[in-house]
Every structure is written in structure tokens, then in C-alpha cells.
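Below are the chains, spelled out letter by letter.
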Amino acid sequence: MNELYHVEGIVNRGFVGQITYMVCLEKPCTKLDIHFTFDRRKRKYSRSEATPERIAETIEVVRRDYGEEITEERAKEIILNDMKTEIHTLATLNDEFIGCIHKQLSDRHMLYDGDHASDGCIPCEIFEGVLKVTVLVFNVIKDNTRYKLTVSGE
Amino acid sequence: MFKRYELHNHTDQSDAKITCRELIGIMEADGVDCFAITDHNTTSGQPIIRKILTEEDHNVKCLYGMEYTTYYGHIVCPVLEQYVPWDSINRHKPELLFEACKKADAITGVAHPFSYGDPFARGCRFEMTITDFTNVDYIEIINNPEPLHEVNEPGILWWEELVLNGEKLSACAGMDLHTFKDKMAMKFATYLEGTDGGDAVLELRTALAQQRTWVSKGMLVTWEIADESVRFELCNVNKRGFVPPERYTLTLKNRDGTREFDLTAGSFTLPLSELGEVEIPKLYGGEPILENLICVAPVIRK
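From first to last, the protein sequence lines stand for chains A and B. Everything in the first sequence is counted per the numbering used here, starting at 1 for the first residue and increasing by one. Everything in the second sequence is counted per the numbering used here, starting at 1 for the first residue and increasing by one.
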């Protein structure tokens, strides 16, 4: 497939929202690949990043938002097991929904090939017009989280 | 007849570990009358299930929906056949999305409103403020995988408060099925009245419009008003794995408090004059504590 568009970006810790890229498909395509990745090392916290400051902050957030007192050990578990950067991708073609991959992945392909499409995606016969790819940013736990988006077609 | 609906289920089209075909099999094997496919933010599983159910003979019906999985909470739509974008989701004005969904003929519910959100799982807790419930059909008061006290209890209490304050909202349950490990015995399902061969979507719409849904583990409590009295009865819907308790307690909750009645005999009649304007009937196995909850019945409005 030929690369039609490539972009890279950086999102900061705490960002919630979406970033949409519009790609004008000048020639019709029968196959399409929307490839999105973000820095795998920044998806979760490592043991060394479960610092006393982060543990204290987590205890405070749980106390404030849930009225629960948790131990340092429990806070550490939350930091290592639950907290994660979560980014998904959604696509429309001429404003018609053609899929969303909502899985805990740092590397994903929205692949369309005739009758077949990746999980979460709706097969399309032909791609022409305006493709919108939306990066849905649910959570970013680390600053300078880099992502790459590549749209390829054939 | 009563029909069992499972209104909240996922497949590998989003983050579950079961395929569309496996979801059909799980529902059919458990005796479900009708289930919804409600994958996170995608409708891609709908044509897959529709094709299977059209081409093969299965003893279960499907509703084609989706679960809006937003940054600030989940809105489960067991019926959503036309995708409605949610990219302008406004934490302070979720009514806009509910309204857009209803315009597309969707059925809308607030899913697991008190689930743990950030820092555990961002977006799972319903953090949006709804001031107008006009376009909300129901609250998912029980999300089976969630902890009973920490998550489901505040969901029940929120729904009760809304109903006692005059909101016309149904209560439903959800399996939130993601894996084969999610067993359905002794879990809450949604029941409603229907007819053999009846239209599954229409029957759900009717039940929600009239707030005639039961959330139950397998025994329902029904009520009927006649001759200035209200008669309560137990109704076993033979849900797989349901273990009947030795004793049943009915509670009626109104704005003044909660009263208890023994329903072990199977039926019970109360003068209408003893009811408040709005009463929420709930059935327990023995002592009326949350662990013993068996059924939340439709609200009685005098």
C-alpha cells in the first residue's frame, strides 16, 4: 500500500480529548490501513516510577473522589496495574462511521480489505472522498507521550 | 409471559474476549430471550450477528446497539442501529448526546454510574451531570461484575432518589459480558412482559415507556391494583442457577421510609390506602440487606 498521510505528535500528561485528522482521498482506494501507535514505554508506570510522591498523590485522589482510605501498598498496586495511557482511534468516511478500535493497545491497525476489516471496523468496498481519523485520548499518564499515525491506501 | 433481556454485552469487536458467534451461543445456552450487542464505540459487530441470526436457526433474539464509552462515563444503548457521533461530548451537557440518540430512535441508559473511574479506569464512572432526564430511558442499577456495595448500591440509591422525586426512569441490569468467565447464574438480569413471538424491540420500548422492568436473579415480585388494594405475588421465571431462599421479604420504599412484609407464602395483599404516592418494591431472600436482594420490581404510582 502507498503511504497517503503520516503525522507524529506529542500529548501531555492529563490531556483528555480528541485530535482529528482529515485526509482527502484524491484517488479511490479498495484497501486502507490506518496505523496508530503511541510510545509503549509510556503506557504504564514501571516499578521505579511508583515513587513516594506518586503513591501519596494516588492515596489523596482516592480519598477525595471515593472517600476511601487505601494503604501505600494498595496505591502502588493501582499505579502499576490500573493507571494507564489509553488512546483509541475512530474513523469516518464522508462523515459515515466506518469503525473504532477500542482495545487496550499501543499499536493498532484499522485495516480494510474488501469484505474484511479489523475488529471494530466496518468493511467498505471503496474509499474516496474525505477520511477523518480521530484519535480519542482518554488518559495520558506521562508527559511527552509520542504518537504516530499513518494512513496507507491501495 | 416474562422475557429475559441481557442488555449489556461485548465482543472482540471491542475489548471482549468472545466473538459475536460465541456471544450468541452463551446467550442461547443460558435461556436468554433477547440480548443486546453493545460494544464500546463501535457498531461493527451488528452486521456479523445479524448475518448469523438470519442465516441460521437460533432460539434467541438480538438487539443491535452500542455502548458510548466517553471520557466522562458510559451510555449504553441496547438499540442504536444508526451511529450517532459523540465527538462533541460535553461533560456539563450530556443531554445533547442523549437527545441525538433518541432522534435516531435509540434506547438509552446510564451504565454503571458509580463504577470506579480515574485513577482506576478513566471514563468508567458517570461524571456527567444530567439535569434533564427526558431522553434517558433507564439507569443500569446493577452492573453484575461491579462490587455490590461500592458501585451498585449507590446506583440503586440514585435511581430510587430520582424515581421518588418524580422521574420516569426504568431500572435495568447488565452483565457487561466480556469473557467466558462471566457466569450468569445468580446474577441479575432484566425481565419484562412480552408475548410469544412478539417484537423484541417494541416490547422493550413499551416496558421502558411504562417503567415496567424487573431487575432480578430469578424470582420476580409482581403487583396488581384492584378493588382498592394491591396484591403482590412471587413469580418464578426459572432463571438458570437460581437458588430459591427459604424465606422472602418484600420491602416498599417511599419518601417516608421503608416497610417490610413477609412474602414467603407467595402472595400478600395491602390496602391501597396504605401506599404512598410512589412506592419501590424490592424482594429479598430473608433479611432485607443488599447481599440478599433478589428483585427490584416496577415502581408503583398511585
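Honestly, the hints are just simulated from the structure, not real lab data. Check before you lean on any hint, since a few could be wrong.
[Stated by the list, open to error] Stretch-level coverage of chain A by chain B, calculated; a stretch enters the list once three of its residues show a Cβ under 8 Å from a Cβ in chain B:
id, segment
1, 58-67
2, 142-149
[What the hints assert, rightly or not] Here's a subset of chain B near chain A, in silico, CB distances under 10 Å, partners left out:
id, residue
3, Phe-2
4, Thr-69
5, Pro-119
6, Ala-121
Note that the coordinates shown come from a computational prediction; the quantities given were computed from them, not determined experimentally. From the three backbone atoms N, C-alpha and C, an ideal C-beta is built for every residue, glycine too.
Item to check | Hint status (Cβ of B/Phe-2 to nearest Cβ of chain A, threshold 10 Å) | outcome: Where the cut-off is 10 Å and the nearest Cβ of chain A is about 33 Å from B/Phe-2, the hint is violated.
Checklist entry - Quick one, is the B/Thr-69 hint okay against chain A at 10 Å, beta carbons? => result It holds, given that the least Cβ distance between B/Thr-69 and chain A is near 6 Å, below 10 Å.
Next on the checklist: If you count the residues of the segment 58-67 of chain A with a beta-carbon closer than 8 Å to a beta-carbon of chain B, do you get 3 or more?
Outcome noted: holds (count 5)
Item to check | Interface hint for B/Ala-121, Cβ within 10 Å of any Cβ on chain A | outcome: holds, 7 Å
Checklist entry - Should the interface hint for B/Pro-119 be scored as holding, given a Cβ-Cβ cut-off of 10 Å against chain A? => result Holds, because the Cβ-Cβ distance from B/Pro-119 to chain A comes to roughly 5 Å (cut-off 10 Å).
Next on the checklist: Closer than 8 Å Cβ to Cβ for three or more residues is the test here. Does the segment 142-149 of chain A pass it with chain B?
Outcome noted: Our answer is that it is violated, as 0 residues pass the Cβ test (under 8 Å) against chain B, missing three.
Consistency with the previously given hints fails for numbers 2, 3, ordered from lowest to highest.
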